[in-house]
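Participant: Single-letter residue listing:
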Amino acid sequence: MKEVSVLVGGRAGDGINNAGAMVAQLFNHLGYYVYMYTDYPSLIRGGHNFALIRAADTPIGAYNDRIDYLVALNQETITLHLPHCPECTVVANADQVKSLPRGQTVSVNAIIKEESAPPITGNSAMIGAFAKSAGISWEIVGEVFHRHMPKAADENIRVAKKAYDQVQTARPVPAIPGPAHSLLSGNEAIGLGLVAGGLSAYIAYPMTPASTLLHFLAGNAERLGITVIHPENEIAVILMGLGSATAGAKTAVGTSGGGFCLMTEGVSFAGMAEIPIVIVVSQRTGPSTGLPTYTGQADLQFVLHAGQGEFPRLVVAPADPGEAYLWSAAAIHLSWKYQIPAFVLADKTLSEGTYSVDYDRLGSLPAPTPVLWDGEGSYRRYRDTAEGISPLAFPGRKDAVVKVNSYAHDEDGVTTEDAALVTRTTEKRRRKEAQLREELGQYPCVSVQGTSDATTALLCWGSVHNACDEVAAQRGLRVIQPVVLSPFPDQQFSAACRGVKHLIAVEENATGQLAALAREHGVGAEATILKYDGRPFTPEELARRVQEVIAP
Amino acid sequence: MTRNLITPAQNTWCPGCGNFALQHTLKDILAGLEKEGRSLDDMVLVTGIGCHAKMADYLAINSVYTLHGRTIPVATGIKLSNPKLTVICCAGDGDAYAEGLDHLIFAAKRNIDITMIVHNNRVYGLTTGQYTPTSPLGFRGKSTPAGTTEYPFNPLELMLAGGATYIARGYTKKMPQLAQLIDQGITHKGFAFIDVLQICASFFNMTDYYQSRVYDLAGYDTADFEKACAKAREWDYNRDAPIALGVFYERALPTFDDRYPTRDLAPDDRERRIRDLFEAAK
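Chains A and B are the protein sequences, given in the same order.
Under this note's numbering, think of the first position of the first sequence as 1, with each following residue one higher.
Under this note's numbering, think of the first position of the second sequence as 1001, with each following residue one higher.
Worth flagging that the hints you see were computed from the coordinates, not collected in a lab.
Note that CB positions come from ideal geometry on N, CA and C, so glycine has one too.
Don't take every hint at face value.
[Unchecked claim] Facing chain B, from chain A, some residues (calculated, C-beta under 7 Å):
#1 T227
#2 A236
#3 S406
Here chain A stands alone, though its shape is the one from the complex (with noise of 0.2 Å):
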């Protein structure tokens, strides 16, 4: 794999976010699939922030242990990362850095006032003082510009133009034929399969790291024809969410693992009562408030069994942008054909992590449709049937009473403690799972990568796909991932895991969540790989911890 990363590092409240999604449109321009990370303290200004982009000639998503280029914004970043890369090519800002054992520097501040620039172009000078180090034509660097900082596009170039002209190139990043693709973050993709299921509204409480959704929704609500909320906490979006649905909006709504505690009666609501309602919950290291800013994936069991009482629900896990797209549009097509609750579970690293997506090759999943009530005879909300589904009319139909009920509930709604009909209606809900399965059948709900065949097999779930997938390129293994972990997908994951032998569960979670499922179906990891700090697995580290569970 031709492959290059760089690090761009700076005091949270220095644009890193903006200025390494900049460095990430320069390789993109220049022909590679691109992954870019950000790591932040939950913190606005002050502390050490930095973001890892990594070019490759092939899809990744997973940032590595190499850095080949660092950008610093600060002394911290030289004085932190430049002893963990001894090859790498330094551009600096002179201003900040004072103690630099190599690389070039440029004098941002000098640069903008040449230039009668504000203080908030500062960042395009390191971008293109980058751009020279790295060989990166003009002509690229100009046409990102253009396309990338539309405002005051003039200005920014001047300061980066003046930049780029004050440095040498050090390790030119040859281009590699190719389009440029969509870089796109996880939540990015979430919201736009959202919207390409038919989303109406998206109602959510900011919440780390499942803001970016609600910002990006809300930023092009006009564009999109929806509908975005901020309410006042976790309970109200649930409830807000299902009122909304329950008047004939596909809703949505989002949050992470704390806010996701304060909407379980909203769940277990959903599931009585019947009402479709797509949950997404990105997951960050907990428990607790624990550390906002980082990813995890400890929430797995929480979601498959978040709520008092029994009733089926969807769950799946994308493991990056364009699984996330097309399944959020599958999680409101199916909560809605099946009136349940449906969960997209991510986590910071897909959330917030940008990847490459070409739009045109994103396939597609089957878009089944609601069950709208006839308009014959009188209108009964659950209305027993064969597969549990019962016909949805809306208030506000003609001549229909609709009457939704979080209690138990005869076929028109109304509140019953009759022990048979209590039976019969849970019945009538867990046909309804039995269709969902069914139905799923038609869906790809398990992922092999890999090598098909190889009976060592790496078992995992959600963004830690990425690193296992390069991990088993270098050693021919096979990957196999459920993408739907609720219903659980029981035959299509032991055709995946036919003739395996060493079965391996790679998780960012203390106690091998996904393993401990995979056990309740009858499929045993012969190991576990846990990682559980807050950082993604690298796939160097991955395979070094891989190389100890094999040959030990």
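For chain A, the structure is supplied; the task is to place chain B on it using the hints.
Facilitator: Only chain B this time, still in chain A's reference frame:
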């Protein structure tokens, strides 16, 4: 088509319960609306959990029997999703003032166009007699056998501070006035709040207390916020004082739902715009 407004569900309120008065009042209001040519298909009743909430089972109109304390967010979601609907919440005092207090204040703050009727019997009935946020100091309930050690709060004052644009208080033993207050609340464009004093026949029968203290607000400028505050403070739900009934405050302001226009796009248009966003990310 005139519909039977009462469902066949068996009524399980205690004899003498104040909820009967509210049920009949709502039924009459609905029948009146239908007579005026309004379709009851466009009405939605949203209830919490508690004795009051059985209203959802007993009235034959669209209803959402929600969770304890959660009438308002559900009602807000319904109204935003379909602004043509008339949304009425029936909530208890435990519901509206304890479990769901945050939502109540936010509904007032947002001026969402819904009507909130609080069945304020100042005791938890369904859970068999505990104090609520409006029980008087020293109330002896099953969770406070030695008497509460906290003062009640005054929901009218709270709603004035929260920004509600229609604030009224009724009493279940004054049904014509109660009907008028609710009717006016439904007509009001914005968040209409009606605190309804009702007795709990089993756990807190305040009939004699209320009978001797209630009086009608008359000759009163309901647009005067300062006067409304003073009137609301006259009785603090604790110490003895005359208890005013009627509209305390009303003003016209833009509503939350007006500020959130529905903006559905044709599916083709949507797809094109999604594609544009992918394109812009290149």
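Participant: Are the hints correct? Go through all of them and say.
Facilitator: Structure-based check of each hint:
1. Evaluation of the T227(A) hint against chain B yields a held restraint, the C-beta minimum of about 6 Å falling below 7 Å.
2. Taking 7 Å as the C-beta contact cut-off toward chain B, the hint placing A236(A) at the interface holds, the least distance being around 4 Å.
3. For S406(A), the suggested interface contact is upheld, since its CB lies about 6 Å from the closest CB of chain B, less than 7 Å.
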